[in-house]
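Given only the sequences and the hints, what does the whole structure look like? Please build it.
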Amino acid sequence: MENNIALSSAHIVKYFYQPEPFKVLKDLSFEVEKGKFVSLVGKSGSGKSTLLYVLSTMDTDYEGELVVNGEKLTGKSRNQLAAFRNQHIGFVFQFHYLLPEFNVLDNVMLPAMKLNKLSRAEIESKAYENLKLLGLEEQALKLASKLSGGQQQRVAIARALINDPSIIMGDEPTGNLDSKNTEIVFDIFRRLAHERGQTIITVTHDEDFALKSDRIIELSDGEIVKS
Amino acid sequence: MIATNYKIAYVHLTSKIKQTVVALMGVTFGISMYVFMNSFMTGVNDTQNTLAFTSMSHVHIYNDGPADNTNLLKRVYGPNVLGDVRNAKVIQYVQGIKNPGDIIALVKKQSEVIALTSQVNINIFFRNAANKINGTLSGVDVENENRVFDIAHYMTDGNWNDLKYNPDGVILGAALADRLSLHINDNVNVLTPDGVSKTYKVIGLFQTNVANVDKTKAYLNINSARQLLSVNQDYLTDLQVNVQDYGTTAPLVNRLAPVIPYKVESWQTANQQLEAGSSLRDIIAVAVSLTILMVAGFGIYNIMNMTINEKIREIAILKAMGFSSGDVTTIFLTQAVVIGIAGGLIGMGLGYVLAVIINHVPFKIGGLDTLPMAYRLKDYILAFIFGLSTTLIAGYLPARKASQIDPVDIIRG
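Protein sequences appear in the order of chains A and B. With this note's numbering applied, the first sequence closes on residue 227, and no number is skipped along the way. With this note's numbering applied, the second sequence closes on residue 413, and no number is skipped along the way.
Simulated from the structure, these hints should not be mistaken for lab results. All residues carry an ideal CB built from backbone N, CA and C; glycine is no exception. Be aware that one or more of the hints could be misleading.
[To be verified] Simulated DEER-style distance windows between Cβ atoms:
#	chain 1	residue 1	chain 2	residue 2	range
1	A	146	B	409	26 to 36 Å
2	B	14	A	4	47 to 57 Å
3	B	3	A	216	37 to 47 Å
4	B	406	A	223	21 to 31 Å
5	B	326	A	216	38 to 48 Å
6	B	326	A	146	48 to 58 Å
7	A	77	B	310	20 to 30 Å
8	A	227	B	305	40 to 50 Å
Set out below in structure tokens:
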């Protein structure tokens, strides 16, 4: 049972100190199973994005304990966490954040080049594979900045997948997309979760999107109201 | 992995080519100015020294005259006894340098000595009918004199070596000849302090461009000078010594001074204004060029800061994807180093070209034809090192700032 848990958080508490001390997350404890597609929902200011960034290991300023893939991450140095993210966590953001001066293929390859486990040729073929999965193989050699918003978001997903992370996190990945592209992204996420067993955790405002996912964690005022 | 960081650095450098060129130009300009300023100042100093060394050797050995011993009572009885001595006279027991053979042999044995010449210098009056001019008649060892002072180079008329075979010939400074209305093959009369008068023939003229020398000096064969003074065949008043490196005379002087009972003086002590002039010019050159380099450094700092502010989201995303602080530092420091090395190489080339051009600018004063310039490897290497360190510092500060960016702050907005 234990090894079926992708991520678990225990008693997560976080404060914002500006403009005045404010308890954003109030003692959050939950677990996410492997291969689940989880939506984090809640009103603006409920703390859902804050929670996501704590889970993502990028925000280290919290109390409590975070365990991903059985590895305790609380208390590790920033560079150790960076190395962990590189291998185990993929990110998709609302604003696609590709490197505009690189072509699509290079953008997708970057995290794998950083990980440096495969040869360049292997990484390249894998990147092509991922782009194909997302229907972007035609665009591989175009500059990232020349693509449409929906295409860029799919490139970002391809990039998030390149190191076969066990968890993919999204911060409103469809927030900037029209309904057709939202549909596409949702399908990709669901396939990743169900066919490849990757865990998906996304923050979303989109109720339809959330309803279609496997599990909804709803936050309100820093507390889990529905899980 | 490292290659990935270099690739990102390369893309940053090439995608904003204008910015890169501006930063590059800053370094290039700074380094070329450093090279040029130092070459020019060294050239000026070298010219100044060459000019000075036409009438001055590196080390000068001479009889400084006896110490002031006129108040003997005070020396014997101390300051508490009142004594009165009037019209005291100083007697110089030894004229010139006594026992010169041993001293010459000793000096010649020193490893850094490359040339040495003996002189008999006499203060005299030059007379041509009504014209009387006070000056110095220098009895010289013709060949060695030329070795130390390269005087043949400054002959404007006649032949330096003729002095060797003409016991009654003199070579006059051009300005001196002018003031006496003398030309080559004319006769000139000299009058020594002891009242001896003799007539010589002008067999040559020289011009060192040191006005003081050209206006007052004449050369004579050393044996004729001894004859004029009625002294022995060993007599001499001055020993002029040249060493390999005129910059370092102190060791020789320190070694010789205790064992030679005469004044041993380096050119630096005798002409502190020259030394001061050289040092001050060097300081100005370094100050100006370092200022320029610093301005270039601020330019790089600015441009790097701008780049980092522009790319702040990319940096955040790189960190989110797992790039460490060290990776981010590498990415931006690489850009600074590339700019520093490229700017340094181009700057050295540009500095050289600038130096060559300025070296061809006509400048007809003091025996010069063009502006002086020195080409020393040291200046180029130092310029490169200074340039690279400036860019490193200017690049490191923004790179460190970039490496400390918190991705959460940037991505969440």
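Results for each hint:
no., hint, in the structure
1, 146(A) <-> 409(B): 26 to 36 Å, "holds, 29 Å"
2, 14(B) <-> 4(A): 47 to 57 Å, "holds, 48 Å"
3, 3(B) <-> 216(A): 37 to 47 Å, "holds, 43 Å"
4, 406(B) <-> 223(A): 21 to 31 Å, "holds, 26 Å"
5, 326(B) <-> 216(A): 38 to 48 Å, "holds, 39 Å"
6, 326(B) <-> 146(A): 48 to 58 Å, "violated, 32 Å"
7, 77(A) <-> 310(B): 20 to 30 Å, "holds, 28 Å"
8, 227(A) <-> 305(B): 40 to 50 Å, "holds, 46 Å"
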